[in-house]
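**Q** Protein chains in written order, with the working numbering: chain A, 339 to 732; chain B, 466 to 788; chain C, 9 to 273.
Be aware that one or more of the hints could be misleading.
[Said to hold, decoys possible] Pairs of lysine to aspartate or glutamate, EDC-like flavour, derived with a Cα cap of 20 Å:
id, chain 1, residue 1, chain 2, residue 2
1, C, K100, A, E720
2, A, K715, B, E751
3, C, K230, C, D254
By construction, these hints were calculated from the structure, which means they are not laboratory data. All values derive from a computational prediction rather than experimental measurement.
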Amino acid sequence: MTAQRQASSASQIPHLSPAELSYLYTSLSLPGTPIRPDGRSPTQFRPLSAETDILPGTNGSARVGFADGTQAIVGVKAEVERTVLGVQALSQAEQQEYAEGNEGADGGAGAKQGSTSGQGSWVQMCIEIPGFRDDDALPVFLSEMMREPLVESVSGGEKDGDGDEGGMVGGLKGRLVINRRWHWRLYIDVLLLSQPLSYPLPLLSLTTHLALLATKLPKLKSKGEEDPFFDDDWNAAEYLYPRVRTTRASIPGSIHKVRPPVTLLVISVAENIVFDPSREEIAVADTVLAISITYDTGSNCLKLLSIRTVDPPSRLTQPSVPNSENVATLGSTAAAEASAIINPSTGEEEVSGVWRPRRGGVKRATIARMVKMVLEKGGVGEEVLDGLEGVEVG
Amino acid sequence: MTDRRRINGPSGGTRPPVFASSIKSTTTATERPQRQRQPNELRKIFLKTGLIPSASGSSYLEFEHSASLSAARALPKSLIPPSSSLKLACTVHGPKPLPRSATFSPNLVLTTHVKYAPFAARKRKGHIRDASERDLGVHLETALRGVIVAERWPKSGLDITITILEAEDDRWWGDAPDSHDAAWGMMNVLAGCITAASAAIADARIDCLDLVAGGVAAVVVDESVDGGEPSTPRLMLDTDPAEHRSLLSACVVAYMPARDEITELWLKGDNSKASVGTDDKSLSYETLIDGAVDAARGAHSVLAEAVRESAERLAGLETGYST
Amino acid sequence: MPLDTSTTYPLTKLRLDGRRWNELRLIQAQISTNPASSGSSYLAMGNTTILCSVHGPAEGRRGDATGGAAGSSGAVVEVDVNIAGFAGVDRKRRAGGSDRQSGRVASTLRSAFQSHLHTYLYPHSTISIHVSILSADGSLLAAAVNACTLALVDAGVPMPGLLCGCTAAMSGSASTPMDPLNDFLDPLLDVSLPEEQELPFLTVATTTSVPGRTDEDEDDKKVAMLTMDSKVHYTYIETMLAVGVDGCKQIREILDGVIKGSSQR
Chain A
339 MTAQRQASSA
349 SQIPHLSPAE
359 LSYLYTSLSL
369 PGTPIRPDGR
379 SPTQFRPLSA
389 ETDILPGTNG
399 SARVGFADGT
409 QAIVGVKAEV
419 ERTVLGVQAL
429 SQAEQQEYAE
439 GNEGADGGAG
449 AKQGSTSGQG
459 SWVQMCIEIP
469 GFRDDDALPV
479 FLSEMMREPL
489 VESVSGGEKD
499 GDGDEGGMVG
509 GLKGRLVINR
519 RWHWRLYIDV
529 LLLSQPLSYP
539 LPLLSLTTHL
549 ALLATKLPKL
559 KSKGEEDPFF
569 DDDWNAAEYL
579 YPRVRTTRAS
589 IPGSIHKVRP
599 PVTLLVISVA
609 ENIVFDPSRE
619 EIAVADTVLA
629 ISITYDTGSN
639 CLKLLSIRTV
649 DPPSRLTQPS
659 VPNSENVATL
669 GSTAAAEASA
679 IINPSTGEEE
689 VSGVWRPRRG
699 GVKRATIARM
709 VKMVLEKGGV
719 GEEVLDGLEG
729 VEVG
Chain B
466 MTDRRRINGP
476 SGGTRPPVFA
486 SSIKSTTTAT
496 ERPQRQRQPN
506 ELRKIFLKTG
516 LIPSASGSSY
526 LEFEHSASLS
536 AARALPKSLI
546 PPSSSLKLAC
556 TVHGPKPLPR
566 SATFSPNLVL
576 TTHVKYAPFA
586 ARKRKGHIRD
596 ASERDLGVHL
606 ETALRGVIVA
616 ERWPKSGLDI
626 TITILEAEDD
636 RWWGDAPDSH
646 DAAWGMMNVL
656 AGCITAASAA
666 IADARIDCLD
676 LVAGGVAAVV
686 VDESVDGGEP
696 STPRLMLDTD
706 PAEHRSLLSA
716 CVVAYMPARD
726 EITELWLKGD
736 NSKASVGTDD
746 KSLSYETLID
756 GAVDAARGAH
766 SVLAEAVRES
776 AERLAGLETG
786 YST
Chain C
9 MPLDTSTTYP
19 LTKLRLDGRR
29 WNELRLIQAQ
39 ISTNPASSGS
49 SYLAMGNTTI
59 LCSVHGPAEG
69 RRGDATGGAA
79 GSSGAVVEVD
89 VNIAGFAGVD
99 RKRRAGGSDR
109 QSGRVASTLR
119 SAFQSHLHTY
129 LYPHSTISIH
139 VSILSADGSL
149 LAAAVNACTL
159 ALVDAGVPMP
169 GLLCGCTAAM
179 SGSASTPMDP
189 LNDFLDPLLD
199 VSLPEEQELP
209 FLTVATTTSV
219 PGRTDEDEDD
229 KKVAMLTMDS
239 KVHYTYIETM
249 LAVGVDGCKQ
259 IREILDGVIK
269 GSSQR
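Make the full structure from the sequences, and use the hints.
**A** Here you go:
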């Protein structure tokens with residue numbers, strides 16, 4: 339059974355016949371203007387509805403529903419935890435104290451230095467998908483894929499923007515530090531409410547993005563190295579991703595200086611690049627890439643945080659048999675058989691209308707084109723982030 | 466998930482007492498290992514196939530010790546080794562019929578299983594696969610599925626099991642855990658897994674499009690020799706995370722040289738700082754991918770040699786039977 | 009002063025959240041929330057929030073143990089309960105996918121709805137119910153029953169009447185026999201989480217065998233499910249049960265309104 343589970347790790351293989359797959363592939367690979375089954379343009383996303391702060395029992399929550407009925411709910415909970423210092427860090431601190439004791443001078447600034455950056459393990463992500471155990475390959479892979487850019491997005495240029503309102507020193511990890519001995523632990527629980535109809539990555543990523551934007555942490559009342567003590571007033575709580583009240587945000591039209599990353603799913607079919615693929619489109623994709631991006635605070639443009647290839651399910655599909663090899667029609671239609679053509683993207687000989695499971699990998703040029711479409715000014719990445727900004731948060 | 470069947474050590478690890486008087490003497494002795502190789506020079510790879518007779522294909526892969534490690538072995542200053550080098554064993558079982566209960570599959574069903582030995586890393590790994598091990602398994606599966614000509618074995622399964630005997634460090638052991646805590650070592654492990662699995666699959670005589678090899682490249686920032694200002698970011702191939710103060714971004718590819726195609730790409734890290742700092746786009750993701758591909762090309766030459774040996778061994782076996 | 013019901017209730021005759029003994033919490037419900045399923049519902053009883061979706065009746069999975077023999081005479085009801093990690097006050101660490109509480113709720117729901125629905129109409133098929141508990145604040149089982157009922161109505165699965173659940177507790181430990189002359193303990197309707205942890209309580213679900221005769225015909229009311237796992241003197245059971253059954257009746261009217269309201273839209 340585990341073999342079967344893992345085999346479907348990339349996505350469930352839809353039950354499409356080779357003829358249907360071939361038809362889909364042909365229409366999606368039309369040069370320049372792919373025809374998608376639902377009539378969208380290559381960069382168009384499916385319509386979705388979103389709301390935030392739906393669960394009062396969490397620090398932040400969001401719900402996103404696609405029009406096809408798949409819904410995801412994300413709840414973020416934060417807990418205060420004691421920081422366990424590593425052997426070396428501790429001995430360094432002790433050494434410092436020892437040295438300070440000898441000199442009889444105070445060196446608080448030096449001691450503070452070591453703890454300003456947080457640890458990636460303080461952010462935990464757990465994805466629940468109906469029909470999967472939470473240690474199956476798909477939820478684990480998805481959560482690692484989404485957690486990785488999240489803990490890594492150390493915002494650039496924090497050196498000069500230290501005292502700047504709305505800045506985040508050391509990225510999300512740095513924000514979780516309370517003081518040297520205490521930190522926040524962030525649990526991000528992602529709940530997919532129904533069996534995924536397509537690869538659920540875009541849905542989960544958008545929902546997590548919104549939930550993190552809505553997340554609030556209680557206001558700290560204690561100072562410095564005291565044991566943390568918080569304001570009871572929930573209205574005084576501060577956003578995890580700080581907001582800028584004035585209009586001088588670095589991102590135009592945004593109240594956030596730093597925003598969580600989003601992960602986009604991009605597929606390539608022959609020479610075409612298609613965003614937000616539906617289940618049928620993924621089934622015929624040559625390549626599936628998950629690309630995580632966020633705004634760079636320094637230069638006000640998008641930056642790349644991670645790329646991962648996702649196993650395209652087209653490799654597992656059933657091949658069809660060309661007429662020339664089909665025993666049932668042997669001889670009768672051999673003359674009508676179209677001649678073999680070379681697929682420009684795979685370099686393999688193909689007979690048009692005959693489905694072959696995809697083999698091989700992706701050319702570097704294709705990857706570069708996909709990333710460029712996401713990152714370029716006025717590209718899809720900006721469009722998505724601007725769209726998310728439109729969602730009323732908090 | 467917790468392991469309830471065995472008596473496990475404490476989860477956080479224990480800490481021996483360190484006496485203040487002893488610190489001063491030891492700190493001078495422990496220094497971060499320095500990279501002795503050129504930026505585009507790979508570590509030597511030992512790769513041998515057919516070590517496990519019960520499996521239909523197997524391979525063993527080992528990276529050369531870094532210079533500092535061999536120096537420390539010869540002249541130990543501390544009980545803690547300064548760095549570690551990858552050692553892993555890969556077995557391939559199959560193609561074999563799928564179990565009766567499994568649904569029909571027109572293709573070869575690939576199962577990958579990556580497991581660290583409990584003693585592989587500096588922190589003990591449990592007996593149950595954790596999230597990072599499962600994650601590696603999915604990456605490996607993606608890398609290999611594009612290479613295997615799967616429709617030649619309908620209704621059959623192929624199990625690939627990798628045991629990691631010694632893993633790469635994520636950072637120098639002397640650094641605080643928060644200095645750069647992303648799992649950079651995992652990327653080297655994945656590259657090794659891909660190369661070893663490719664050799665083992667060839668050893669099991671499974672049809673492939675090409676020999677796929679794994680390679681790693683990273684953009685690193687080192688402290689300069691006198692330990693002051695960090696230097697400008699540079700692109701390095703086959704990085705050992707223990708040798709660098711911080712890695713900005715890293716990339717693994719599974720690369721097929723004959724087709725010039727990538728079956729698996731895993732890039733992570735924030736390399737905007739690198740390109741901002743140097744004011745050119747020469748350290749963009751594309752350079753990083755190209756670097757990883759170059760590293761994979763290097764690993765491919767070792768791989769081809771190992772596969773040739775494997776083929777010769779088989780040829781020798783067959784002539785041995787016939788005479 | 010400890011803030012618990014058994015000390016404050018006798019003084020104020022008010023419960024911790026300010027309700028009187030016979031008041032329900034605010035119930036908000038909605039049906040057809042998820043277009044991807046056959047039927048779905050959202051139900052909030054106070055701070056207990058539940059989403060429920062129903063798939064089916066559909067052909068059961070092949071190779072499933074229950075698909076063959078057990079399902080031949082009627083549909084098989086499958087219930088899957090998922091308590092979200094963020095549902096409680098503290099984030100719960102889940103060990104291996106499911107815990108005891110969700111397993112118990114699931115099996116109780118399964119047996120309640122298996123016997124309640126007209127399953128004989130759908131031989132060889134499966135009705136699968138997925139319950140997600142987003143926020144848990146007491147009366148989990150009762151709220152889950154109500155949410156499932158709404159979702160099953162939305163899916164159009166035939167049933168004799170609405171199955172409605174409610175909880176009832178005593179405002180003290182109630183370990184001594186009830187004194188009919190000088191009784192200081194009141195039954196409490198629809199318990200919240202702090203009350204549930206402190207007081208003895210039971211969960212009851214009732215149904216009517218013929219729909220539309222909820223008011224006039226008291227004889228048709230049936231108890232479909234009754235669970236209690238706390239200690240109470242037997243003399244109090246009758247009181248608690250009476251209050252619980254009355255609560256079910258109130259809830260039935262609310263759910264009835266939700267269903268009628270959504271069908272008019």
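**Q** Evaluate each hint against the coordinates.
**A** Against the structure, the hints:
no.	hint	in the structure
1	C:K100 - A:E720	violated, 36 Å
2	A:K715 - B:E751	holds, 18 Å
3	C:K230 - C:D254	holds, 12 Å
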